[in-house]
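> For reference, the chains in residue letters:
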Amino acid sequence: MLRFIVRRLIQAIPTLFILSLLVFAWLRSLPGGPAAALLGERQTAESIARLNAAMGLDQPIYVQYIKFLGRIFTGDFGTSTVSGDPVMAEIRRSFPATIELGLCALILAVLFGIPFGYLAARRRGSFFDNATVISTLVGVAIPVFFLGFLLKYIFANQFRLLPPSGRYAVGAPDITGFATLDGLLTGDLAATSDALLHLVLPAAALATIPFAVIVRITRASVLDVMDEDFVRTAESKGLTTPVIRRRHVLRNALLPVATTIGLQTGLLLAGAVLTEKVFVWRGLGWLLATGIEQRDYPRLQALILLAAGVYVLVNLLVDISYAIIDPRVRVGR
Amino acid sequence: MPLLDVRDLSVVFKRKGTAPFTAVDNVSFAVEPGQTVGLVGESGSGKSVTSLAVMGLLPKRGAHVTGSVNFDGTELLSLSMKELRNRRGRDLGMVFQDPMSSLNPVITVGRQISEVLQRHRGQDRKEADAGAVAMLDQVGIPDPARRVGEYPHQLSGGMRQRALIAIALACRPRLLIADEPTTALDVTIQAQILKLLADLVRGTETAMIMITHDLGVVAGLCDEVNVMYGGKIVERAERHRLFAEPRHPYTHGLLRSIPRLDAPRGEKLVPIKGSVVDNIPWEGGCAFAPRCPNALQRCRQVMPELEPEDARHLRCHNPVQPAAVAEGRAER
Ligand SMILES: Nc1ncnc2c1ncn2[C@@H]1O[C@H](COP(=O)(O)OP(=O)(O)OP(=O)(O)O)[C@@H](O)[C@H]1O
Ligand code: SF4
Ligand SMILES: [Mg+2]
Numbered sequence: 001m002l003r004f005i006v007r008r009l010i011q012a013i014p015t016l017f018i019l020s021l022l023v024f025a026w027l028r029s030l031p032g033g034p035a036a037a038l039l040g041e042r043q044t045a046e047s048i049a050r051l052n053a054a055m056g057l058d059q060p061i062y063v064q065y066i067k068f069l070g071r072i073f074t075g076d077f078g079t080s081t082v083s084g085d086p087v088m089a090e091i092r093r094s095f096p097a098t099i100e101l102g103l104c105a106l107i108l109a110v111l112f113g114i115p116f117g118y119l120a121a122r123r124r125g126s127f128f129d130n131a132t133v134i135s136t137l138v139g140v141a142i143p144v145f146f147l148g149f150l151l152k153y154i155f156a157n158q159f160r161l162l163p164p165s166g167r168y169a170v171g172a173p174d175i176t177g178f179a180t181l182d183g184l185l186t187g188d189l190a191a192t193s194d195a196l197l198h199l200v201l202p203a204a205a206l207a208t209i210p211f212a213v214i215v216r217i218t219r220a221s222v223l224d225v226m227d228e229d230f231v232r233t234a235e236s237k238g239l240t241t242p243v244i245r246r247r248h249v250l251r252n253a254l255l256p257v258a259t260t261i262g263l264q265t266g267l268l269l270a271g272a273v274l275t276e277k278v279f280v281w282r283g284l285g286w287l288l289a290t291g292i293e294q295r296d297y298p299r300l301q302a303l304i305l306l307a308a309g310v311y312v313l314v315n316l317l318v319d320i321s322y323a324i325i326d327p328r329v330r331v332g333r
Numbered sequence: 001m002p003l004l005d006v007r008d009l010s011v012v013f014k015r016k017g018t019a020p021f022t023a024v025d026n027v028s029f030a031v032e033p034g035q036t037v038g039l040v041g042e043s044g045s046g047k048s049v050t051s052l053a054v055m056g057l058l059p060k061r062g063a064h065v066t067g068s069v070n071f072d073g074t075e076l077l078s079l080s081m082k083e084l085r086n087r088r089g090r091d092l093g094m095v096f097q098d099p100m101s102s103l104n105p106v107i108t109v110g111r112q113i114s115e116v117l118q119r120h121r122g123q124d125r126k127e128a129d130a131g132a133v134a135m136l137d138q139v140g141i142p143d144p145a146r147r148v149g150e151y152p153h154q155l156s157g158g159m160r161q162r163a164l165i166a167i168a169l170a171c172r173p174r175l176l177i178a179d180e181p182t183t184a185l186d187v188t189i190q191a192q193i194l195k196l197l198a199d200l201v202r203g204t205e206t207a208m209i210m211i212t213h214d215l216g217v218v219a220g221l222c223d224e225v226n227v228m229y230g231g232k233i234v235e236r237a238e239r240h241r242l243f244a245e246p247r248h249p250y251t252h253g254l255l256r257s258i259p260r261l262d263a264p265r266g267e268k269l270v271p272i273k274g275s276v277v278d279n280i281p282w283e284g285g286c287a288f289a290p291r292c293p294n295a296l297q298r299c300r301q302v303m304p305e306l307e308p309e310d311a312r313h314l315r316c317h318n319p320v321q322p323a324a325v326a327e328g329r330a331e332r
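Residue numbers (the numbering used here), protein chains in the order written: chain E, 1 to 333; chain F, 1 to 332.
To be clear, the hints were calculated from the coordinates, so they are not data collected in a lab. It is possible that some hints are incorrect.
To be verified - Simulated restraints, written as ranges between beta carbons of each label pair:
no., chain 1, residue 1, chain 2, residue 2, range
1, F, S80, E, N130, 25 to 33 Å
2, F, G34, E, N130, 48 to 56 Å
3, E, R328, F, G17, 34 to 42 Å
4, F, S80, E, R328, 34 to 42 Å
5, F, G34, E, V243, 29 to 37 Å
The structure displayed is predicted, hence computed values, not measured ones. Quick reminder that beta carbons are idealized off the backbone N, C-alpha and C, glycines included.
Let's have the full structure, built from the sequences with the hints guiding it.
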């Protein structure tokens, strides 16, 4: 198992390398080069030349690239042109908010998606099944920001059941940056429940698409597996229904679901940008959205690299979970 | 009293939008304790459906089963799902055709054996794991202590089939049903698996139903042979009698289409022309008539019944005469 993980880690290196090259090339290809982009409207020929020299942009391209890599490794992404803070500090501040939201959405999607898909498959053709299939179709098709506004309108504005935006009303002292955790750590349960209430709507909006996709994949996969010969063998052994379902059907049916969860986690990053915008959730998506509006290149560059890194990491986790469920992956090759 | 008594078993598949399809049509046969009975016929003749009906493994929706399957005094067809599950794996074991797809790919071979022991023998995990090693050893898998921890994809085809046999026999069932257990295997492995099955049931009380389309398989193994055509049994006889003197034109044709060691040198193989027609036209005639060299006018008007004749059961208006069997041989 350990060898498997190490091998997968090594395989991730070329991916990250190519990504860094792409980001580097993207920065070079901006009109007038990075310096002009950084200076924006205040640029003059002189100021560009000065900044070029300061940033080492007058040096040969490979030297620039190596320096660029060096900065990435030391976490130095420059300063944000919007806030004037170091980009790394901005990211560190916003990271917990996004992780909290994304994790919450993912847990919701998996926790509800797998049982729904499984039950729909067990009752194929029933009212429950048909209702599930149709609502997941709607769930996949509905745009996140529209759903976000809709949820906000119904539950926050009309019925006033949940807060419309933000991460907390009061807020516990900042220890980890995770609003829910900080409440628990300081024993301030009111702060935790307040943070959780604030999480409900954005997490639900963000979870909708992955939930719908997980339901559909689980349903299809369970239906496939129920027709497999080895399930008939299990029946021929006289095993009880719960054992057949758990040990023989579900375990095999989860293989494609694991891959799907990984893909959806990657897409969550994209969904988070829209969700955070709708719910004024000051996380990485919020940083990215405002960064795009203001052409904050240092910030964008850092966020793109971060997203790529997270994506690679998530895929690694998926592969590991796959290897845990499926022995053929573990031993093969 | 026979161990298994199948009477007038019929299976009709009904699906919305399609005509009902009779896959098994009034089949009756019996299996005595310790006896090995063959079920032979071309693809599509209803062998698998018969065995699945006995095991209660047909899909609940769409398959209508009628008749009687009496196992040691218990009517299996009227058992509740729960009672049936208590019997399967304990009294009735089944070996399937395709050993790769019939084993669960994500569970170790040992676990797939031990779970049966836990289920029916009330053993704890440790005992059952030890039992799994013993079973693998018994079905001739070398180094069983290591193999129990392996997954199906790590075993060869022959070993997988041995593992399936170990699963089916783990609780010493009184009836073992083997549905074409060697079809998916290499010829040399086929012989080994057949020998293994024969060795395992010989001298025990375990009865076996051997399903195959290959009369060669039946020849070395079965005490009695049922030949099926189009969902019906057309001839049943003791093995030696059937091979020496096939009376039904279909059986006769089957025997002429396989190579035999006892045949004179230079004898040519004669395949039966045509193939099983899908919807079974037994009503108002003999379903084999379009392919039968002996067909009479009557064969297309009156359905033949399965009747005792010449120390066997036969369903034919114009059977092959014993003299003609010898003649057919001399001819060639
Ligand atoms: N679940 C099902 N629904 C509808 N028809 C079925 C079903 N299972 C089997 N049949 C049909 O019943 C007939 C008999 O099938 P069966 O599997 O018993 O044949 P067989 O004698 O075992 O042949 P083979 O040598 O190919 O295994 C076939 O025509 C098949 O198409
Ligand atoms: S009944 Fe007639 S058609 Fe049918 S097998 Fe006998 S001789 Fe041939
Ligand atoms: Mg079959």
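> All hints are to be evaluated individually against the structure, with a verdict given for each.
Structure-based check of each hint:
For F/S80 and E/N130, the hinted distance range of 25 to 33 Å is satisfied, since their beta carbons lie about 30 Å from each other. Distance hint check for F/G34 and E/N130: the Cβ-Cβ separation is about 52 Å, which falls inside the suggested range of 48 to 56 Å. The hinted window of 34 to 42 Å between E/R328 and F/G17 holds, with their beta carbons roughly 39 Å apart. Between F/S80 and E/R328 the CB atoms are about 38 Å apart, so this pair conforms to the stated range of 34 to 42 Å.
A beta carbon spacing of about 32 Å between F/G34 and E/V243 agrees with the range 29 to 37 Å that was offered as a hint.
When each numbered hint is compared with the structure, no violation occurs for any of them.
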